[in-house]
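*Asks:* Just so you know, the protein sequences line up as chains Z and Y, in that order.
Residue numbers for the first sequence follow UniProt numbering, beginning at 1 and rising by one.
Residue numbers for the second sequence follow UniProt numbering, beginning at 1 and rising by one.
It should be emphasised that the hints constitute simulated quantities derived from the structure, not laboratory data.
If you're wondering where the values come from, they're calculated on a predicted model, not measured in any experiment.
Not one of these hints is a red herring.
Here are some chain Y residues pointing at chain Z (derived, C-beta under 10 Å):
| no. | residue |
| --- | --- |
| 1 | ILE71 |
| 2 | ALA78 |
| 3 | ARG82 |
| 4 | MET175 |
| 5 | GLY215 |
Backbone N, C-alpha and C fix where the C-beta goes; we use that ideal spot for every residue, glycine too.
Take a look at the letters that make up each chain.
2 protein chains.
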Amino acid sequence: MTEHTYKQFNVELEEIRSGVLQMGGLVESQVKNALEGLRTGDLTLLDQVIDEDQRVNLMQKELDDECNHIIAKRQPAAIDLRLVMTVIKSVGDLERIGDEAKKIAKAAKRLHTSEVTFTPRIDLSHAAQLALSMLHAALDAFARADASIAPRIKSQDAEVDASFKAVMRQLITYMMEDPRTITNSLELLFTAKAIERVGDHAMNIAEYVVFLVQGEDVRYAKAEARLGDKS
Amino acid sequence: MTEHTYKQFNVELEEIRSGVLQMGGLVESQVKNALEGLRTGDLTLLDQVIDEDQRVNLMQKELDDECNHIIAKRQPAAIDLRLVMTVIKSVGDLERIGDEAKKIAKAAKRLHTSEVTFTPRIDLSHAAQLALSMLHAALDAFARADASIAPRIKSQDAEVDASFKAVMRQLITYMMEDPRTITNSLELLFTAKAIERVGDHAMNIAEYVVFLVQGEDVRYAKAEARLGDKS
Chain Z
1 MTEHTYKQFN VELEEIRSGV LQMGGLVESQ VKNALEGLRT GDLTLLDQVI DEDQRVNLMQ
61 KELDDECNHI IAKRQPAAID LRLVMTVIKS VGDLERIGDE AKKIAKAAKR LHTSEVTFTP
121 RIDLSHAAQL ALSMLHAALD AFARADASIA PRIKSQDAEV DASFKAVMRQ LITYMMEDPR
181 TITNSLELLF TAKAIERVGD HAMNIAEYVV FLVQGEDVRY AKAEARLGDK S
Chain Y
1 MTEHTYKQFN VELEEIRSGV LQMGGLVESQ VKNALEGLRT GDLTLLDQVI DEDQRVNLMQ
61 KELDDECNHI IAKRQPAAID LRLVMTVIKS VGDLERIGDE AKKIAKAAKR LHTSEVTFTP
121 RIDLSHAAQL ALSMLHAALD AFARADASIA PRIKSQDAEV DASFKAVMRQ LITYMMEDPR
181 TITNSLELLF TAKAIERVGD HAMNIAEYVV FLVQGEDVRY AKAEARLGDK S
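Okay, chain Z solo, but in the shape it has when bound (with noise of 0.2 Å):
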């Protein structure tokens, strides 16, 4: 490679790396309006995250193609190959936890404007933040290239899971009491679950990032300190 080339394959690189903190923003915006729209009844919000679902798809599908260009033309190898490798798995998950948040406003919109007034009084906020904060924790263990944040990250998806699961029993027994509240209770549950999915992902992240950091081949101890300075 000459030195002009070299210099342009790490430009893309870190067009890759900022690419994937840029799309993870979005998305930790998106289900972070989702749930205020879910909260407050915002439907203007709602059906802004409902649109912005298409930028968070296109911009997966940027990054898979510039991936593919930047595997094609400079052969990258090692800790710039788990890079690239890891791109295109996170933006995968990325993308996942945007339709996850598409499918909190959709339920939110069906529960503000739905004649059935019957809805459990359930507090999801525990497992949302948690989620949020699992996402925010996985984007920054990317950004900085850290793998020490995995099993922190691993151990509030349990809690997340414990959540989901007191969540899942405080419905039955609002259901079983008045039956009314039923349909409201399964729109209350499928979000439930659709915010446990953002912790699974973020969990999916966070793994990556072990892999990008811990990867068996590590002849490259040059491009892995370039990858830690750039936070």
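Based on these hints, arrange chain Y on the given structure of chain Z.
*Replies:* Positioned in the frame of chain Z, the structure of chain Y alone reads:
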């Protein structure tokens, strides 16, 4: 590339290609067995599905490693690169179909061992047959590198979604009429959801095949022909 290297490269591409089909076959039988166990209450079969999921996960890891190896060593381009990318993405979806089979098996176990015997008589076999036929068609499309199957799979996906919604409406009716059915109704609801997701993942695979076959870069007609007649 020397002729020897080129031959070796072809062997490796064929390996990941047949690896996907092998993993697809395993995942297909996992879904079938989970549904069979749900129908018959065969707990041994259900436990087998739960245990075998490890093997599905391992196959994904092995195929991922092989793809990374090919990219690093062989610097694939055009159709060859698209094949590698299609494999990486497809095994991701196959692994998730494996997860859904495991979820169905776990719900089936709970349903067949539960002390609560109030289970709605809901027939999931229509949705299940559709989702399985989508998966089979998607693997077939991959095997024959045939993009023409995708639209039909897409229309089947709409059918599976509609079938899920019908199941949900039926379950709501059951739950409202007899709240004692609520716990088991939710198990069936999540099972129906898992079946719907099998269809979603099958559709994803069919879409990767379109990318594989119709990717913008068609410089390697020979390689495409090679893929085409390996059915």
